[in-house]
Amino acid sequence: MSATDTNPPLARLGRLMRDNPMIPLVVFLILLIATLEVMRPGIVMPFRGGRDGLISTFWVGNLIKFAIPLAMLAACQVLTMLTAGIDLSAGIVATVAAFVCATLSSIWGVAPAVLIALASGLTVGIVNGIGVGLVRVHPLIMTLGTGLIATGCLQVYQRLVINAGAEIPGFLVWLGTGRTLGMPNGLYLFIPFAAFVICLMRFTGFGRILFALGSNERASMLSGVRSWQVYLALYALSGLIAALAGLLYLGIIRQTSLSLANPLLLPSVAAAVIGGTSIFGGRGSYAGAIVGALILRVLDTMLTLLQMPEGARTALFGIIILAVTALYVRITGSR
Amino acid sequence: MTEALRKHAWTMGLLALLVVLLAATKLIQPSFGGPGLESLARAALPFAFATAGMAVVVIVGGIDLSVASMMAVCAVTAATLMERMAGVPAIFIVLAVGLGMGLLNGALIVVTRVPDIVVTLAMLFVWEGVALLILETPGGATADWVEDSIRGPFLFGWLPKAFLIIALVTAAIWIPIRRSKLGLSIYATGSDEMAAFRSGVAVGRTKIAAYGICGLFCGFGGLSLAALTGIGEPVPGPYLLASVAAVVLGGVVLGGGRGGLLGPIIAVFILRIIRTILTLMAVDPNVTTIIEGTIMVAVVMLGTAATLRSARR
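Same order as they appear, the protein sequences are chains E and D.
Sequence positions in the first sequence follow the working numbering and run -5 to 329.
Sequence positions in the second sequence follow the working numbering and run 79 to 391.
Note that these hints are calculated values from the structure, not bench results.
There could be a bad hint or two in this list.
Stretch-level coverage of chain D by chain E, calculated; a stretch enters the list once three of its residues show a Cβ under 8 Å from a Cβ in chain E [as the list claims (entries may be wrong)]:
id, region
1, 195 to 205
2, 209 to 216
3, 311 to 325
4, 367 to 380
C-beta: ideal position from N, C-alpha, C; glycine also.
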């Protein structure tokens, strides 16, 4: 690994991986799944005797089902990280959206509830955008602060609707828990969503401006980019995505809680980072983040299968995130 | 020169705000005095140490997301050790554990060249897991004199012991470092890593040392947590967000190189006293969270706007 500079074939490998950051990620994901198969033969391919190669849709479906909300929140991180920002309010926004939707749909019906839930996410995003774009507060602080405010608002709101009861809209349950051909229905939402994000990043002017702002903000502003408009749109979009992820997560978990999606926040940052998005801006890919989210979920399964005490599992999770990122930095030679 | 003036102006402003808030508390609750101040200082104890540690790391140009988890590790270590052995050696072991964790954080950042925020994010999980491994459920015990050491006033009726501990510990650790070569290196590395490197500062070692100091403060934070509750609690508290908020409020610039430790610690007291005032005014504790967040965002917005204006001039 450290000998990449002296060894020509290895150096070439390093260059190949630098040009195609997806290769080591996918290889790592496959290795992880292979290890899982060794640990618990049959988890990936239960019918290996007769019908070789038929994938057990149950486990893979489950894996994908739980990776989807994580990957959606990772989209918030990837998009904001492109401009050297971060969105630490994403987890709380998702929770707020889920809670608002669940409580309001029993009072006002499903459609207004969903709209208000998305609007609340959009609001937090716009506030973030104003802070980051117009007042130029550090995104870490701004999103942390709005997250704190949103948590407080959620708690106050919860006491207002404490008697209303919760009702989870049927179509969210269908999206969250239903299956088509063994695959989770969440993919109906996620595939168009992922295509949208990837196209946004690759083929639109907005995406190019995000990369430009992250590479060199001053240069792009001198070239005529009105950065505050971009930041406002970016953080508003991020809030909207987080709210959408929260709605989907509500359908998966089918329960309301005041900290529903909060535990997803730090893993979403981890997924984006593992996926090769630079926290300093200017470089990143959403496809990588999706693979990152899958890797995290496979790791989760693996550590659960090992039946270790919870502490060891959490610690190992952290060590693996660090190891993967360090290895990635070494191989691709970038930060 | 004007820069130094501006920096001190911020700290002075915070101090004035603190005095105003204390006066406001006295107005709202005329009986507010020694005991009120004492419980305020006691509640601020773990926050102050977390903030001091975070401030050092932010000054060096990094950020440590794992402070709360490290404090949890130190708290459970303290509680398990004090159940079995004398208090004094246990305290030293806990501080050594804190220092060791911080040094490891720093070493990993320097060696792997992964951004600080990612390394400490990963270490947040690691230390959280370690705390759970040491103590699965809240338990253990602390020596009585340790608990007594942070309770009650010192000498005069109005100076809480907890406040004295914060002042002494922070001064004893930070002032010698600030005056030494290490302190200069920390500020140099924080303001421009490349320039510091080219002027011969051992950037890597400085960073590791700064994270070590942060770990040491987390050791004190963990000890005060154990002393406050009398047991060890393996689940990290809300100290990460609070410490970042206090550091920024305290005038330390994210990105490094500017600010000190006095401002952030005053900021901790400001944030705590706002909470006290709102409680005294019988405001819903949940609204308190909203107000705290709003204050934090507003202060940072004002601070950034002021910096921008002075930069344009």
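Q) Which of the numbered hints are not met once you compare them with the structure shown? A) none
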